[in-house]
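Protein chains in written order, with our numbering: chain U, 4 to 143; chain H, 7 to 123.
Simulated from the structure, these hints should not be mistaken for laboratory data.
Even glycine gets a Cβ: it sits at the ideal position worked out from N, Cα and C.
It cannot be assumed that every hint is accurate.
To be verified - Ranges between beta-carbon positions, derived for each pair:
id : chain 1 : residue 1 : chain 2 : residue 2 : range
1  : U       : Ile126    : H       : Val55     : 34 to 42 Å
2  : H       : Leu94     : U       : Thr76     : 44 to 52 Å
3  : H       : Leu94     : U       : Phe122    : 27 to 35 Å
4  : U       : Gly40     : H       : Gly87     : 16 to 24 Å
5  : U       : Gln105    : H       : Arg96     : 16 to 24 Å
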Amino acid sequence: MTSATRQDSQNTRNTGPGRLLIAVYGVFALATTARAGFQIATKFHTAPVAYLLSALAAVVYIVATVSLARRGTASFKVSVAAVSLELLGVLVVGALSVFDKQAFPEDTVWSGFGKGYGFVPLILPLLGLWWLYRRRPSAA
Amino acid sequence: MDGYFWATAVVGAISTVICLVAGIMGKKPNDVTILSVGAVFLVVLVYLVGSIIRVIAGEHLRGAAWEFWGYMLTALVLPLGAVYWSVLERTRWSNFVLAVVGVTALVMAARMNQIWY
């Protein structure tokens, strides 16, 4: 895309740094979907809550990736909702996994505030919200 | 950890550093950064062929086979996707996208090793 069409299309969320954000979200969507699918298919009965949360996380990452890449105000709102839910998820599950180990015997992406994934799941939604704020439709 | 892991890890780490430095310097994706990701793809391809040969030769994976091949497939698809994307948008940010590939391949190779042994 040339810089001229970028200005015309009014969608600046999926270029520049936004590309990197979408790429990392894409990797997480892929990784968590594969992992959740594998966990649910092979050992769902051992920790249903943890694996359902894994599946929820996977869906959130997919929605975030797609909505960040799409143009338009509706996609912007979906992005904000998905990324906020992600932040909420990593904080709540992170806290629960630290203080109530019994409830989370199995690892999910969000366990220990995303420790198993180099804390990227904790940093990603903060960067995402910051990016969405910077490129909010009214400011474009 | 076997030779395949170390090969992927070294090439992946070098590729990530090259792409990060190029991105920080504000360069557009160029031959060096794209070829470094190409090298990651080649190493994973060698890992794939080597693994197929080992399975045919009668070696057994300790973990779930389809999980192993799932990681392998992901590690092969990522460099292709990142290079395609970096060609679509030629800004410094695409170098950071390319940088993600090497470190992800490293993690994938580590998981593949855990599953195999």
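To see whether the hints hold, each was checked on the structure:
1. Distance hint check for Ile126(U) and Val55(H): the Cβ-Cβ separation is about 36 Å, which falls inside the suggested range of 34 to 42 Å.
2. Taking the beta carbon of each, Leu94(H) and Thr76(U) are about 24 Å apart, not inside 44 to 52 Å as hinted.
3. For Leu94(H) and Phe122(U), the hinted distance range of 27 to 35 Å is satisfied, since their beta carbons lie about 30 Å from each other.
4. One distance hint, 16 to 24 Å for the beta-carbon pair Gly40(U) and Gly87(H), holds here, with the actual separation near 20 Å.
5. For Gln105(U) and Arg96(H), the hinted distance range of 16 to 24 Å is not satisfied, since their beta carbons lie about 52 Å from each other.
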